[in-house]
Amino acid sequence: MSKEKNNNTDIIEKEYTTLNLGPTHPATHGIFQNVLKMDGEIILEGESTVGYIHRAFEKIAERRPYYQITVLTDRLNYCSSPINNMGWHMTVEKLLKIEVPKRVQYLRVIIMELSRIADHIICNSVIGVDTGAMTGFLYIFQQRESIYDIFEELCGARLTTNIGRIGGLERDFTPKAWALIDKFLKEFPDKLKEFENLLMRNRIFMDRTVNCGPISAEKALGYGFTGPNLRAAGVDYDVRVMNPYSSYEEFEFTVPVGTQGDTYDRFMVRQEEMWQSLSIIKQAIEKVKKEPAGVYHADVPEFFLPPKEEVYNNMEALIYHFKIVMGETDVPAGEVYHCVEGGNGELGYYLISDGGRAPYRMHIRRPCFIYYQAYTDMIKGTYLSDAILTMSSMNVIAGELDA
Amino acid sequence: MSNTLLDTVNEKLKAKFGDGVLSAEMHYDFPVFTIRKDIIHDVIKFLKEDEELAFGFLTTMCGLHYPDNKGHELGVMYQLHNLPKNLRIRLKTFFSISDPHIPTVTDLYPTANWMERQEYDFFGIIFKGHPNLKRILNMDEMTYHPMRKEYPVEDGTREDKDDKMFGR
Numbered sequence: 001m002s003k004e005k006n007n008n009t010d011i012i013e014k015e016y017t018t019l020n021l022g023p024t025h026p027a028t029h030g031i032f033q034n035v036l037k038m039d040g041e042i043i044l045e046g047e048s049t050v051g052y053i054h055r056a057f058e059k060i061a062e063r064r065p066y067y068q069i070t071v072l073t074d075r076l077n078y079c080s081s082p083i084n085n086m087g088w089h090m091t092v093e094k095l096l097k098i099e100v101p102k103r104v105q106y107l108r109v110i111i112m113e114l115s116r117i118a119d120h121i122i123c124n125s126v127i128g129v130d131t132g133a134m135t136g137f138l139y140i141f142q143q144r145e146s147i148y149d150i151f152e153e154l155c156g157a158r159l160t161t162n163i164g165r166i167g168g169l170e171r172d173f174t175p176k177a178w179a180l181i182d183k184f185l186k187e188f189p190d191k192l193k194e195f196e197n198l199l200m201r202n203r204i205f206m207d208r209t210v211n212c213g214p215i216s217a218e219k220a221l222g223y224g225f226t227g228p229n230l231r232a233a234g235v236d237y238d239v240r241v242m243n244p245y246s247s248y249e250e251f252e253f254t255v256p257v258g259t260q261g262d263t264y265d266r267f268m269v270r271q272e273e274m275w276q277s278l279s280i281i282k283q284a285i286e287k288v289k290k291e292p293a294g295v296y297h298a299d300v301p302e303f304f305l306p307p308k309e310e311v312y313n314n315m316e317a318l319i320y321h322f323k324i325v326m327g328e329t330d331v332p333a334g335e336v337y338h339c340v341e342g343g344n345g346e347l348g349y350y351l352i353s354d355g356g357r358a359p360y361r362m363h364i365r366r367p368c369f370i371y372y373q374a375y376t377d378m379i380k381g382t383y384l385s386d387a388i389l390t391m392s393s394m395n396v397i398a399g400e401l402d403a
Numbered sequence: 404m405s406n407t408l409l410d411t412v413n414e415k416l417k418a419k420f421g422d423g424v425l426s427a428e429m430h431y432d433f434p435v436f437t438i439r440k441d442i443i444h445d446v447i448k449f450l451k452e453d454e455e456l457a458f459g460f461l462t463t464m465c466g467l468h469y470p471d472n473k474g475h476e477l478g479v480m481y482q483l484h485n486l487p488k489n490l491r492i493r494l495k496t497f498f499s500i501s502d503p504h505i506p507t508v509t510d511l512y513p514t515a516n517w518m519e520r521q522e523y524d525f526f527g528i529i530f531k532g533h534p535n536l537k538r539i540l541n542m543d544e545m546t547y548h549p550m551r552k553e554y555p556v557e558d559g560t561r562e563d564k565d566d567k568m569f570g571r
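Chains as they are written, first to last, in this note's numbering: chain A, 1 to 403; chain B, 404 to 571.
No lab work stands behind these hints, which were simulated from the structure alone. Computed from a predicted structure; not experimentally measured. Heads up, the beta-carbon is just placed ideally off N, CA and C, and yes, glycines get one too. Some hints here could point you the wrong way.
[What the hints assert, rightly or not] Mimicking SDA-like on lysine to any residue, the simulated pairs with C-alpha atoms at most 25 Å apart in a straight line are:
(1) 59(A) - 536(B)
(2) 59(A) - 469(B)
(3) 537(B) - 31(A)
(4) 94(A) - 408(B)
(5) 488(B) - 236(A)
(6) 59(A) - 408(B)
[As the list claims (entries may be wrong)] If you want the ones that stay clear, here's a sample from chain A, every Cβ over 10 Å from chain B, calculated:
(7) 19
(8) 307
(9) 365
Chain A on its own, in the form it takes in the complex:
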């Protein structure tokens, strides 16, 4: 106020604050650190530090038989483990040139789309939480719970599923599993609609998310975005359409795209993808009904474990069981890349086999790791609270980030 004080401010240099966002901060939804240089509440620049839960999967995989690597893939994007598992099985099947029966492919589609819904539920409801809307999160998480009940019935596990085997599924869907899926399909549309009504045209939600953390299509492509984040920016790249696997070419579905690539678009793309997944599941169930019942794996005894009860009484089953478990079956040499549309984008497995029981080299294209490097660029000049929203809408999963 006084003249003296005004003079003082002239010589005081502007000071910036350094803020550690993470590594363990409730708003980052995972263990990663961002060192931000702040001018008041505005972010000037940031640097990401990743690797807090690095577990060296690529190295471990060089010493493990192929079927043991499935459990490593569970722990990539743990919000949609089944997609990771299926991607790995399909990679190995491609290497071994195994043709999987149609019914198994449809069953896999059902599992993958269910887990895509579970994945998107987490991301979208957490965007809601970060804008201050806890209600939708609590409502919709009950639906995620029923998806996990289905997984539990299918494979015994809920989060890290280890579902399916090389060559098929470990067991057929039980009648209870079908009943649970039916129940889910009946209940979910209403609940999802309710969730949409809470947020989609909500004034506060739109004010917070529209134009928050936008990215242009060119930039997104340059940064290697894939999946919902790329589609929100307006590029209709979906692995399920471009390089169909597991009979996706037979399904009718649309690929939603956004225009701005902001948080609201990412939210909307994921929202629409859940509706599309629902429709795919329904189509898949119809297709399964037309296939011969009871088929749940390909006829590849060298790689698919025989039923346990046969192992004790049947010579061949015993031999195959022993060879698979002890890792005596050699895999042909070759080099293969297979990608699936994971919850976050193109999840690719690059595999070099030199003919042994374990891969010579296994590399995972982890969509999170690749697009997260754009984050510090996207939050430059925005408010801190917008940066939190941008992060949650990008669905950065620490397990996939650090592998």
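For this one, chain A is given, so just place chain B on it according to the hints.
Frame of chain A, contents of chain B only:
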């Protein structure tokens, strides 16, 4: 279709770079080219800027280590994608472990930034011209590059971890 892609790209590269293309073959559904190390940046730039091929998307890249190939122990694999036409190819280049330098492609694809940091971290491949080449997933104090084949997965001093039976 992929076979014709192999031929198209091979012809274009042969016309432009001559014997810099060491091999061209199909691995399952992927055309794979092995390129001499000194021209790898030019090849990728050419493939990106060529009007017909226009590989504008770097899907992934990873380091490779073959200790038995003397003089060409280390390698890098690049996977390029032309999104509008859905063309995919894989490039490989190999070089000596005693001189693990290779030009960066961050000027062509910003996404290569972290990918190259990762391969530097795990294989010690030094990408010349990279804006910020430091470790990414491992801790900064680490003195070795753990994905190289000489480092065992299990702690070598432990006897209970001996896996003659189950390991590789």
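Here is what the structure says about each hint:
Under the criterion of a C-alpha separation no larger than 25 Å, the hint pairing residue 59(A) with residue 536(B) is consistent with the structure, at around 22 Å. Restraint check for residue 59(A) and residue 469(B): satisfied, since their Cα atoms lie roughly 14 Å apart, inside the 25 Å limit. Using a Cα cut-off of 25 Å, the hinted pair residue 537(B) and residue 31(A) holds, with the two alpha carbons roughly 20 Å apart. Of the supplied pair hints, the one linking residue 94(A) and residue 408(B) holds, its CA atoms being roughly 20 Å apart against a limit of 25 Å.
Proximity of residue 488(B) to residue 236(A) is assessed by CA-CA distance (about 13 Å); at most 25 Å being required, the pair is judged to hold. With a C-alpha separation of about 33 Å, the suggested pairing of residue 59(A) with residue 408(B) is violated against the 25 Å cut-off. Residue-level check passed: residue 19(A) sits 21 Å from the nearest beta carbon of chain B, beyond 10 Å. No Cβ of chain B approaches the Cβ of residue 307(A) within 10 Å, the least distance being about 23 Å, so the stated non-interface status holds.
Here residue 365(A) does not stay apart from chain B, with its beta-carbon only about 4 Å from theirs, under the 10 Å limit.
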